[in-house]
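**Q** Chains as they are written, first to last, in the numbering used here: chain W, 1 to 431; chain F, 1001 to 1328; chain S, 2001 to 2260.
Among these hints, one or two may not hold up.
What the hints assert, rightly or not - For the chain S half of the interface with chain F, some residues (derived, Cβ under 10 Å), not all of them:
id, residue
1, Phe2036
2, Met2195
3, Ile2199
4, Val2246
5, Ile2260
Said to hold, decoys possible - When the alpha-carbon atoms are kept at most 16 Å apart in a straight line, the in silico EDC-like pairs for lysine to aspartate or glutamate are as follows:
id, chain 1, residue 1, chain 2, residue 2
6, S, Lys2225, F, Glu1195
7, W, Lys109, S, Asp2078
8, S, Lys2222, F, Glu1320
9, S, Lys2247, F, Glu1328
10, S, Lys2046, S, Asp2012
11, S, Lys2018, W, Glu274
12, S, Lys2254, F, Glu1195
13, F, Lys1260, S, Glu2160
14, S, Lys2163, F, Glu1320
15, S, Lys2150, S, Asp2109
16, S, Lys2254, F, Glu1328
17, W, Lys406, W, Glu391
18, S, Lys2030, W, Asp198
19, F, Lys1134, S, Asp2077
What the hints assert, rightly or not - If you only want the chain W side, here are some residues facing chain S, beta carbon under 10 Å, derived:
id, residue
20, Asp7
21, Gln128
22, Asn132
23, Phe200
24, Leu202
25, Leu282
Simulated from the structure, these hints should not be mistaken for laboratory data. From the three backbone atoms N, C-alpha and C, an ideal C-beta is built for every residue, glycine too.
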Amino acid sequence: MTMDKVDVIIAGGGLAGLSCAYELADSGMTVIVLERGDFSGSKNVTGGRIYLSPLRNYLPDLWKGAPLERHVTKEFITLLGKTNSTTFELYSDRFNREPYPSYTILRAKFDRWLADLVSEKGVFVIPQKNVNDLIKEREKVIGVKTEDEEIGADCVVAADGILSFIAEKAGLRQPFQPQHFALGFKEVIALDSKIIEDRFRLGEKEGAAQLFVGTLTKGIMGGGFLYTNQESLSLGIVVGIHSLNQKEPREEVHKLLDEFKERPEIKNLIKGGEVVEYSAHLISEGGIHIKPKVYGDGILITGDAAGLGLNMLVTVRGMEYAMASGVLAGRTIKIAKEKNDFSASSLAYYEKLLNESFIMKEMDHFKNSLSILENERLFSKYPQAISDLFEKVMRVDENPKEGLYKTIWQTFKKDYLNFQTFKDWLLFRKI
Amino acid sequence: MPNEIWVLAEQREGKIRKVTFELLSAGAEFSEKTGFQVGAIVLGSGLQEAVKSLSPFTDKIYLMDAPALASYTSDTYLINMAPFIKEHRPSVLLGGATSTGKDLFPRLAMHLQTGYAPDCTGLNIEENGKLIAKRPLYGGKVFAEMIFSEARPQMATVRNNTFLVNHHLSKSAQVIAISSHTDPSSLKKKIVGLEKAAGTKLDITEAEVVVAAGRGIKAPENFKIMEELADVLNASVGTTRAIVDEGWRDQKDQIGKSGKNISAKLYMAFGISGAIHHVLGIGTCKTVVAVDTDPNALIFNYADYGIVGDLFQIIPALTEELKKALKE
Amino acid sequence: MEIYVLVKQVPDPEAIVKVKSDSELEIENKYFTNFFDEIAIEAGLKLKEKFGGKVTVLTVDNKKADALRRGIAMGADDAIQITDPALEGSDQFAIAKALAAYLKDKPFDLILAGRQAMDDDAGIVGPAVAELLGIPHVNTIIGLEVDDPKKEVKVLREVEGGKEILSCSFPALFTCQKGLNNPRIPQVMNVMKAMKTQIKKVDLAALGLNAADAGSQAAKIKVQKYLPSPKRPPVKMIKEDFPENVKSLVKLLKEEAKVI
């Protein structure tokens, strides 16, 4: 059967797919990106914030004119007790010096811009197209099937996201386990940029990133986040799926966010804002434990589809891995084209590149992060205890105030001096 | 004669439609401001009753009564109206934003080389006769006030229920018969049949009260409770795109961007989440009531009154309560 | 059959539209081919599949030709973009004039258009083009039956209270309504072909029109002021349990809103 053929089919028009397309754009090959949404970005979500420092080597020229939100100059971590909280605020001149290390980002805007950029460079980005199946000749992938068409290609790049259908069809993926995934859900709250700058004490175009851990997730593994965009705030919660399933009684995910918003710490930050968007997305957190084989005959797997997502406790990584892996896949394909060899042994070069990159190195360093996160006390006891301690130290009431050392030691004895805390301490060393 | 406000009177089987009386009432108001007289143009066949009903509402009736004019087509109406309008060039010509109005007015305006504001949700007139027409754009996300060049007449079609019928008008119209000149053989299109909709309810664009159900209704046969509620309120039953696409209700009942815009006095939404393409269709309804099981449903952002509840429990109780309340 | 389809690129229904000032709108950069125009394209393609012939998509746009590319990707044979700086600020009648000027010397059987564009929601251009070309038109058709292109066509259209069946001779213009068909989603290879197609451009001079026929000076109707859509006061949630909530609602509708 003769079918139409192109050089490369990229399934998925998110960050991984578009970065791969960007890398291939000047290669002279016919490259098509098949995106199932109405436009790139329509189905993508992040908290979120993108770290540009690791990406500048991979995509040096991309960032001029990119529609990013604010460069982050302040990092906040808030530990939430039931009725109290402690916040650490970090500002550094380093964050405020070009080239800026990270930016807050809105995916619908960014992905769409990137898709347009890639189209201008001659790649065909085709929306409303879902890849339903792979076409194989024996074990070699030679094309894809959409709802009503068959298209052939020398190489197929699976960039179809966290539940990658293609990785599964290619037989490269392991079965899913709930502990490797989290659910993120957020609201985008429109707020005047001057008000944002006042509330977070930022200069023009500067941004803040805030993480919350503690009672907001009611003992479920996870946390909250707040990012300042140019004219809005991204506010949301991430919860581990397995942990969520275990909780009795069942917690409704959007209720958690509603209650979070009612806390005075949050309420006053979002006052006067208007919710303009509500979205949710699965997050790959399994890191090295779920990474499938990322190449085969005629196929490469990038981004979330390759399980390239990682929970680093202080942040969740995915976007940078997606973009870098997309670029590496693109480089691999260029070399394969020169040899006209798209076999698995040729495409194995992609895995080599991944292993040498920051992606796999970080995935290795943080391979124990999930097991630590399974410790429920991280999300209930310790944040509460720390806030309680701080409150005791700061409180002056009608009783004569005790000496500070005595206050701290008494609390320490009561809350921390036990075998459980000691064990936890040993575990935390693994982060 | 140029300083007159004309309304195209729509009739169906000899009976004048409510929107005509609404527009004539508006015309009477404009009359006070400008000193212009109000005229109704009516075309059809066998119009004695129609003329009688119009008489209190207008100063003049321009009447074209001929068998060839029995049914509306844009051809017949245009051929007959155009020369007459050109001759008299009234200041304003209004019509309902009905299937007839929206079909005839753009073509007529092109023919007369004059301005036309479609589907208006508000009208105002200055003392010197300049019309200001308010109409929705982008499905109702924003509105625009339109003004006209010097070409006359200034034409506009207006949504049902935008103006109230002034039942206190007691004019006595001067009837001016105009001869029609339609050669049936010259017409390139003709109506060969009419499928009447089942039931006697008004189209949702015309009804004063509309009740609608969305996905929450769960099955097509459950629309029965909607019909019962509608009967008590003398309302028409509408629905959402999802239901129409399933094939459970006819396209004519769809409220929303690719369906119809309604401007009811009272609109009640049951089991409708409130997606943007639906709510844009209800923006000009005066009072909106929403019932849904989800307290976070977007529909509540567009309602005046809301109940979080199960429509299968609420609707029968509501029907009973309304029966009682309306008896008093 | 020789068929022309009038198409327009309009903001996506999800695009945010805000009033920036009395005379300016801020429209989010999300565009798509007008929903009703796709229905018109599909109707044209179906007739071509049955009777053979040619489908040409036609637009008036100074910036984008994406609606035309959509038409080609769906299967149209040719695409024409009428574009001229003097068209900026034109009202719908001037647009109709430009389209009619292009079509008047073409041997067409049928012109199809969407029932209205989802930006101005006007529904003027279709009937106005028919008037200028002196051909019959029928609005908002939901049924189209051509048995023999040489003779008459039957169309079905919605009216209040029912549906009308009209017979009409060719050439004619119909505006298409939801329910007429389900527009096909173009195949990938056709989308690629469409992306590469060179679009023929035509300006006012080529149409025998001059700048005075178009633009804001020729406009018969203008926007005096933009207004945001009126915001309702916050909803009154009736918090009582059933059945008190129903009783309260009826009371409010009767005494407060006074709608029953």
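**Q** Now, for every hint given, state plainly whether the structure supports it.
**A** A quick look at each hint next to the structure:
no.	hint	result
1	Phe2036	holds (8 Å)
2	Met2195	violated (27 Å)
3	Ile2199	violated (26 Å)
4	Val2246	holds (4 Å)
5	Ile2260	holds (7 Å)
6	S:Lys2225 / F:Glu1195	violated (42 Å)
7	W:Lys109 / S:Asp2078	violated (33 Å)
8	S:Lys2222 / F:Glu1320	violated (50 Å)
9	S:Lys2247 / F:Glu1328	holds (15 Å)
10	S:Lys2046 / S:Asp2012	violated (26 Å)
11	S:Lys2018 / W:Glu274	holds (15 Å)
12	S:Lys2254 / F:Glu1195	violated (37 Å)
13	F:Lys1260 / S:Glu2160	holds (12 Å)
14	S:Lys2163 / F:Glu1320	violated (34 Å)
15	S:Lys2150 / S:Asp2109	holds (9 Å)
16	S:Lys2254 / F:Glu1328	holds (11 Å)
17	W:Lys406 / W:Glu391	holds (14 Å)
18	S:Lys2030 / W:Asp198	violated (31 Å)
19	F:Lys1134 / S:Asp2077	violated (40 Å)
20	Asp7	violated (12 Å)
21	Gln128	holds (6 Å)
22	Asn132	violated (12 Å)
23	Phe200	violated (24 Å)
24	Leu202	violated (25 Å)
25	Leu282	violated (23 Å)
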